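Listed below, chain by chain, are the residues.
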Amino acid sequence: MGFSFLPVEQNFYNLFERQAGYAVDAASCFKALVSKGTLDDDMLQKMRDIEHQGDGVTHEILNGLNKTFITPFDREDIHTLAKQLDDIIDMLYTIVNRMRVYKITGIDKNLVQFALVIEESCRAVSCAVKGMRNSKNFAAVSESCVEINRLENVGDAMRDLVLGELFETEKDPITVIKMKEVYQDAETVLDVCEDVAHVVQSILVKQA
Amino acid sequence: MGFSFLPVEQNFYNLFERQAGYAVDAASCFKALVSKGTLDDDMLQKMRDIEHQGDGVTHEILNGLNKTFITPFDREDIHTLAKQLDDIIDMLYTIVNRMRVYKITGIDKNLVQFALVIEESCRAVSCAVKGMRNSKNFAAVSESCVEINRLENVGDAMRDLVLGELFETEKDPITVIKMKEVYQDAETVLDVCEDVAHVVQSILVKQA
Amino acid sequence: MGFSFLPVEQNFYNLFERQAGYAVDAASCFKALVSKGTLDDDMLQKMRDIEHQGDGVTHEILNGLNKTFITPFDREDIHTLAKQLDDIIDMLYTIVNRMRVYKITGIDKNLVQFALVIEESCRAVSCAVKGMRNSKNFAAVSESCVEINRLENVGDAMRDLVLGELFETEKDPITVIKMKEVYQDAETVLDVCEDVAHVVQSILVKQA
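Protein chains in written order, with the numbering used here: chain A, 1 to 208; chain B, 1 to 208; chain C, 1 to 208.
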């Protein structure tokens, strides 16, 4: 069973797809950045641009929501989904900015690992969001959500391992303070991806 | 004045009672664990099991909410209450997991104190949630909520005392980093219990 | 075009104005306190009183919301706005309490700078909230919201500068732990002010 589309619905779905696309861009930028181990101005600017574009789409969705009478799914779910996709991008920007402020340089293999998992998770988020448009895709959307949940568990285990190691081996407390925050932030990105999966799944259940 | 029950209502109340029961279990497990001062595998596994069972009930409530047309009280309040009860259990699991990762061992009298207050608060949460089923119990529910608020204030004062002492006496910055986070988490459990009390009270006001 | 007022509406607007007023009071008290560089008991008590009065108004709004059938704008927006105004006051109280517990004394020029920006932002919040009462003021309300957003950006830049400096120059890790938390809290106050601006703007869009 499919469902029909009104122009306004098309628009919301388009905006969510763009927002999820920016989340993938932010994740790729983050991966490139930590793989290089230096924060050059170009990459910082690129991250800032992505965050700015993400903000733009978020405002478009929220303003559209305030002005639109009929929406393709629950208003509250639209609001939550837009906010959470925005949070993914914001959190990635926050990490990069923190690395700049804390002057964290050099390739940290743990951060590279986190970046790989985050990129995978953002790709799954993007698949899930794209699939919402048509009920024919709902099985695939569910699979993406399961994958996002799996990656969140991977991230939890990584964070535990990495923090355990940090407290075990790092003797400089200032470095512990800095890296602990960055690792915890990295894991938070995966938590927010999981929040997206939850809201997407709840939207699907309501439309079933 | 009482109000009648539909089967679906019964079901929501049953699920909330089970969820609150798991919160009490998690609090008791936390108390046993910090009183012992060592993290043996059995206790860790027990905590993991409780967290897992709590997750199961939370999903049952949220899925039920998406599929059910008539609910015993505001859909949003059901959603909030389920999330907050889940947060209590998650937070307790988070603390225990952190203690494992940070290799915090030995009996810490402050953590034991926190565990006692947390268990008391979770028992009051359970009483409040059980009482919601029938308007005859609303006075008792209100009393439980007052008690939860009181225990949150107790926790605030404990956290201030304990952190003041930590900064005053602990000379190892790494230990300060670890214990500060664990104490703040412990106090957060009491904050979440207070959030439950607020939503329960607001549900009562609407049904009065 | 104006819109008419019912007594109940008047009441909600009055309560929001009082709440925003307490936020300004808390900000002024915070500024006085950090400018002095010592935490005397009178100022602590004044902060506690403001926080307490703020709590009172918040409960009045939330209880009114539960008992009132018709509200001047979306129930959810009323709830969010009340919570966020309360969060501003709570956060300021939290900072002051933390300074007491952490025994932070002496004039810190960075905190004074933060306090000035926070007071400005709270004044803009108060203007925005006052203006909501009448659609004639909506242009002025929008201007206040733009100003709040601007001050949040100022705060972000200040936090980055101040934390960078802290990590660069402060050699005592315990001091880093303490001041990092206080600076981040101070910036959070400006984030919450921005959240208020967002909800006020969304209320305006819906009433346009």
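If you are wondering where the hints come from, they were derived from the structure by calculation, not from laboratory data.
Note that the coordinates shown come from a computational prediction; the quantities given were computed from them, not determined experimentally.
Ideal Cβ positions, reconstructed from N, Cα and C, are used throughout, including at glycine.
Treat the hints with care, as some may be off.
[As the list claims (entries may be wrong)] To give an idea of the interface, some chain B residues facing chain C are shown, with a C-beta separation under 8 Å as derived from the structure:
| no. | residue |
| --- | --- |
| 1 | Val112 |
| 2 | Arg133 |
| 3 | Met158 |
| 4 | Gly164 |
| 5 | Phe167 |
| 6 | Thr169 |
| 7 | Pro173 |
| 8 | Ile177 |
| 9 | Glu181 |
| 10 | Val182 |
Against chain C, is valine 182/B within 8 Å by beta-carbon distance? Hint on valine 182/B: violated, closest Cβ of chain C at ~14 Å, above 8 Å.
Given methionine 158/B was flagged as interface, is its beta-carbon under 8 Å from a beta-carbon of chain C? Violated: closest Cβ of chain C sits about 12 Å from methionine 158/B, beyond 8 Å.
Cut-off 8 Å, beta-carbon criterion: hint that proline 173/B touches chain C: holds, 4 Å
Do the numbers back the hint for arginine 133/B, that is, is its least Cβ distance to chain C under 8 Å? Where the cut-off is 8 Å and the nearest Cβ of chain C is about 19 Å from arginine 133/B, the hint is violated.
Does isoleucine 177/B pass the interface check with chain C, least Cβ-Cβ distance below 8 Å? holds, 7 Å
Interface hint for glutamate 181/B, Cβ within 8 Å of any Cβ on chain C: violated, 10 Å
Cut-off 8 Å, beta-carbon criterion: hint that phenylalanine 167/B touches chain C: Hint holds; phenylalanine 167/B Cβ to chain C Cβ min 6 Å, cut 8 Å.
Restraint satisfaction for valine 112/B [CB to CB of chain C, less than 8 Å]: Status violated, d = 21 Å.
Against chain C, with CB atoms and a cut of 8 Å, does the hint on threonine 169/B hold up? Violated: closest Cβ of chain C sits about 11 Å from threonine 169/B, beyond 8 Å.
Any CB of chain C closer than 8 Å to the CB of glycine 164/B? holds, 5 Å
Checked against the numbered hints above, the structure violates hints 1, 2, 3, 6, 9 and 10; every other hint is satisfied.
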